[in-house]
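Chemist: Sequence:
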Amino acid sequence: MASKPKQLLAELSHPGPHDVLRGNLALVGLPGVVFTPRSGLGLPAIAFGHGWLQPTGSYRHLLRHLASWGIVAAAPATQRGPLPSHRLLAGDLLTTLELITTVRLGPDGISVDPAKLGLAGHSTGGGSAVLAAAQAAENDERPEIRAVATIAPAQTLPPATVSARSVPVPGLHLAASEDLVAPPVGHAKAIADAWGGPVQLRKLGKSSHLGVTEGRHWSQLLLHGKPHRGTQQLARALFTAFFLTHLTGTTKYQPLLDADVKRAPIELQDEPAA
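Take the sequence shown: its letters are residues 1 to 274, numbered as in the UniProt record's numbering.
These aren't lab readings, by the way, just hints derived from the structure by calculation.
One or more hints might be untrue.
[Stated by the list, open to error] Simulated restraints, written as ranges between beta carbons of each label pair:
| no. | residue 1 | residue 2 | range |
| --- | --- | --- | --- |
| 1 | 272 | 250 | 21 to 27 Å |
| 2 | 138 | 185 | 15 to 21 Å |
| 3 | 162 | 22 | 32 to 38 Å |
| 4 | 17 | 254 | 16 to 22 Å |
| 5 | 198 | 138 | 17 to 23 Å |
| 6 | 178 | 266 | 16 to 22 Å |
| 7 | 26 | 193 | 37 to 43 Å |
[Stated by the list, open to error] Below, a list of computed lysine-lysine pairs in the DSS-like style, where the Cα atoms sit at most 25 Å apart:
| no. | residue 1 | residue 2 |
| --- | --- | --- |
| 8 | 206 | 252 |
| 9 | 206 | 189 |
| 10 | 203 | 4 |
| 11 | 226 | 206 |
| 12 | 203 | 6 |
| 13 | 252 | 226 |
| 14 | 189 | 262 |
| 15 | 226 | 4 |
| 16 | 252 | 203 |
| 17 | 262 | 6 |
| 18 | 226 | 189 |
| 19 | 6 | 206 |
| 20 | 262 | 206 |
| 21 | 262 | 252 |
| 22 | 262 | 203 |
| 23 | 252 | 4 |
Using N, Cα and C, we set each Cβ at its ideal position, and we do this for glycine too.
Generate coordinates for the entire structure from the input sequences, incorporating the hints supplied.
Modeler: Here is the structure:
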């Protein structure tokens, strides 16, 4: 019997069945972190873009959660200054995927399937993930991206809304309802409206721009918002359902993706005509 969306949400809100290892991307040539299941060959993987001024440590539990469900999750720690290049961060996201698909990860030879790759990000890191997906779609020499998910995405230079038109793969965008840094109407909604492939936009209730981040960081003195446990739990569950569905081909979690969720109703769902 198929599980109901509420049951699936509860299931994916908890860590998955895999033990998790943490590694340093610098060992393979790029500053950053990577979380992997303890073992596995041909695994799906995502590269995650950090928000403006945010360290990768602000997302460690989100990345660890994805890894516990069998998804290798890596985050480059580049472009962290006050005037970052969004284009270069996008390039680093694609380079991260190239690195983790060409080297064995972990003591037991964990490997990533280059046909099961996704991009994700928060704030300008979410916008950079959109830029990266567009770059990949336009360049056969870059990794082939299967899905893109963002939370509280922010516009970039060049504009993520322009790049979104060139992204043909499924997109999931989680807007923060109380985001004063990147208000949904000009950022998450605008990106979703411009999306070239199948897209879904959800609005997270009681969530601010920094809701998905974890712990304390000095940037909280500059940016509106603070970490929010409910936002973190919803992001973990919805990201996990989205990437398991689109990177592994399972249909188990589709009912959750198709349903309104408390504090995360669907604002837009569009399947472009073929």
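Chemist: Each hint: holds or not?
Modeler: Do the hints match the structure? See the list:
For the hinted restraint 21 to 27 Å between residue 272 and residue 250, the CB-CB distance of approximately 23 Å keeps it satisfied. In this structure the supplied range 15 to 21 Å is violated for residue 138 paired with residue 185, their Cβ-Cβ distance being about 28 Å. A C-beta distance of roughly 36 Å is found between residue 162 and residue 22, which places it inside the suggested range of 32 to 38 Å. For the hinted restraint 16 to 22 Å between residue 17 and residue 254, the CB-CB distance of approximately 20 Å keeps it satisfied.
The supplied range of 17 to 23 Å is met by residue 198 and residue 138, whose beta-carbon atoms lie about 19 Å from each other. Look at residue 178 against residue 266: about 19 Å separates their beta carbons, and that is inside 16 to 22 Å. Between residue 26 and residue 193 the Cβ separation comes to about 38 Å, which falls inside the hinted range of 37 to 43 Å. For the hint linking residue 206 to residue 252, the alpha-carbon distance of about 28 Å lies beyond 25 Å, and the restraint is violated.
Between the alpha carbons of residue 206 and residue 189 the distance comes to roughly 17 Å, so the proposed pair stays at or under 25 Å and holds. For a cut-off of 25 Å, the pair hint linking residue 203 to residue 4 stands: about 21 Å separates their Cα positions. Between residue 226 and residue 206 the alpha-carbon distance is near 11 Å, which keeps this suggested pair within the 25 Å criterion. In summary, the hint linking residue 203 to residue 6 is supported, as the alpha carbons are separated by about 17 Å, within the 25 Å threshold.
Annotation: proposed proximity of residue 252 to residue 226 is violated, straight-line Cα distance about 33 Å (limit 25 Å). With a CA separation close to 19 Å, the supplied pair residue 189 and residue 262 stays within the 25 Å bound. Our distance criterion of 25 Å between C-alpha atoms is broken by residue 226 and residue 4, whose separation comes to about 31 Å. Note on residue 252 and residue 203: the hinted pairing holds, with a Cα-Cα distance of about 23 Å set against a maximum of 25 Å.
Distance check on the hinted pair: residue 262 and residue 6 sit about 9 Å apart at the alpha-carbon level, within 25 Å; holds. Between the alpha carbons of residue 226 and residue 189 the distance comes to roughly 22 Å, so the proposed pair stays at or under 25 Å and holds. Pair hint residue 6 plus residue 206 holds up; C-alpha atoms about 19 Å apart against a cutoff of 25 Å. Only pairs whose Cα atoms come within 25 Å are accepted, and residue 262 paired with residue 206 is accepted, the gap being roughly 11 Å.
Of the supplied pair hints, the one linking residue 262 and residue 252 holds, its CA atoms being roughly 20 Å apart against a limit of 25 Å. For the hint pairing residue 262 with residue 203, the CA-to-CA distance comes to about 10 Å; that is within 25 Å, so the pair holds. Taking the CA atoms of residue 252 and residue 4, the gap is near 10 Å; set against the 25 Å cutoff, the hint holds.
Violated hints, listed in ascending order, are 2, 8, 13, 15; each of the other numbered hints is respected by the structure.
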